[in-house]
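For reference, the chains in residue letters:
Protein chains: 2
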Amino acid sequence: MATDPTPRGRRPGDSGTRDAILDAARARFAGEGFRAATVRAIAGDAGVDPALVMHYFGTKQALFVAAMEFPLDPAQVVPRLLGPGVDGLGERLVRFLLTVIDDLGDANPMLGLVRSAVGHPDAARMMREFLGEAILDRLAAAVSEHTGADRPRLRADLCASQVVGVLVARQILALPELAAADRETLVAAYGPTIQRYLTGSLAP
Amino acid sequence: MATDPTPRGRRPGDSGTRDAILDAARARFAGEGFRAATVRAIAGDAGVDPALVMHYFGTKQALFVAAMEFPLDPAQVVPRLLGPGVDGLGERLVRFLLTVIDDLGDANPMLGLVRSAVGHPDAARMMREFLGEAILDRLAAAVSEHTGADRPRLRADLCASQVVGVLVARQILALPELAAADRETLVAAYGPTIQRYLTGSLAP
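These protein sequence lines map, in sequence, to chains A and B.
Straight run, no breaks: the first sequence in UniProt numbering ends on number 204.
Straight run, no breaks: the second sequence in UniProt numbering ends on number 204.
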């Protein structure tokens with residue numbers, strides 16, 4: 001269950017092995033999607049035992065996070081955001097995301113992932129499967145557990161549509177007022193949207 | 001002030017001339033952005049008089065709409081959506097967009113424009129300038145006029161971030177529950193979001 005992505009030992013070749021696993025993971029995830037790519041196949045491509053992959057990365061999701069340089073680990077972030085309950089979850093989620101985006105600046109690997117997903121059907125499938133399993137199903141389960149809200153996964157997908165829209169409109173299209181707005185203005189604008197998608201009524 | 005994109009006469013060469021203007025427009029818009037590309041320069045590239053460009057297309061925005069196969073004419077759509085006032089504007093806007101998206105299906109040229117804009121900085125600038133001038137400034141002015149709301153252009157940009165998010169998350173990433181949701185469910189989810197961005201409080 002090790003989740004530390006750095007090798008524990010200092011044997012020669014460790015970092016080469018880790019890099020070989022990451023290369024194999026990138027190729028498998030890109031070619032087969034997140035779901036179909038197995039740790040066993042990735043290990044085989046890298047010429048190592050699957051147990052070593054698990055030793056380095058802990059889970060397939062954590063391997064994806066490391067291989068794609070995904071800038072946050074959903075296994076930690078989703079429980080942390082939900083820790084205080086669902087009240088204020090929308091604001092916490094938006095403030096957290098904007099902080100990550102602003103800290104990363106132009107080097108934000110999420111932008112590369114969005115660009116790939118928008119440009120290539122295989123990358124879109126990879127992101128759909130990873131986001132679904134690592135973030136959206138998890139968010140849906142937690143919201144359902146806390147509130148009993150109907151259609152929890154649709155709610156998570158609605159949130160994703162606003163979050164990806166912020167990435168594209170603010171960071172890539174750079175719409176001027178959106179790019180210039182300070183963080184608290186955006187938290188006030190987007191927080192209630194996310195909160196309503198997660199906990200409000202969706203009845204037509 | 002002709003806005004009919006089809007040539008009026010039937011002289012031989014008309015369609016070739018129109019195509020030459022559209023080719024020149026695409027090249028100028030892509031290379032220089034929407035703002036810097038002038039009708040005069042486009043006409044020059046196509047070897048015609050600027051007056052002929054205006055005869056065919058009426059405005060630079062309409063020329064862009066034709067050249068990029070943008071699937072709606074903002075000069076008509078924005079006033080039509082605002083015709084009944086700002087009450088219910090969010091729902092009308094979302095229902096209209098979903099209808100356009102669903103009618104176009106896989107052949108939706110908006111998806112190609114989003115893909116280009118996300119993948120290429122020049123295309124991003126072109127879309128930012130066109131969306132800004134043709135849709136977002138116009139929407140901002142109308143909302144400001146109807147409601148006196150503060151920061152109208154930020155409000156329009158917020159709407160754009162949700163609309164582009166729907167395009168990416170539903171049509172390109174194809175998040176499963178979002179892709180499967182019926183139109184009225186999505187109108188009920190997104191309509192109030194757009195309405196709040198346009199007319200609600202944005203105070204932190």
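Hints may be right or wrong, so weigh each one.
Said to hold, decoys possible - Partial list, computed: chain B residues near chain A (C-beta under 10 Å): (1) 22; (2) 26; (3) 30; (4) 31; (5) 35; (6) 38; (7) 39; (8) 72; (9) 125; (10) 160; (11) 164; (12) 166; (13) 199; (14) 201.
As the list claims (entries may be wrong) - Stretches of chain A that chain B covers, calculated by requiring three or more beta carbons in the stretch to come under 8 Å of a beta carbon on chain B: (15) 17–25; (16) 32–38; (17) 100–109; (18) 119–129; (19) 156–162.
FYI, nobody ran anything at the bench for these hints, they're computed from the structure.
Using N, Cα and C, we set each Cβ at its ideal position, and we do this for glycine too.
**Request:** Taking the numbered hints from earlier one at a time, note which ones the structure violates and give those numbers from smallest to largest.
**Result:** 1, 2, 3, 4, 5, 6, 7, 8, 13, 15, 16 and 17
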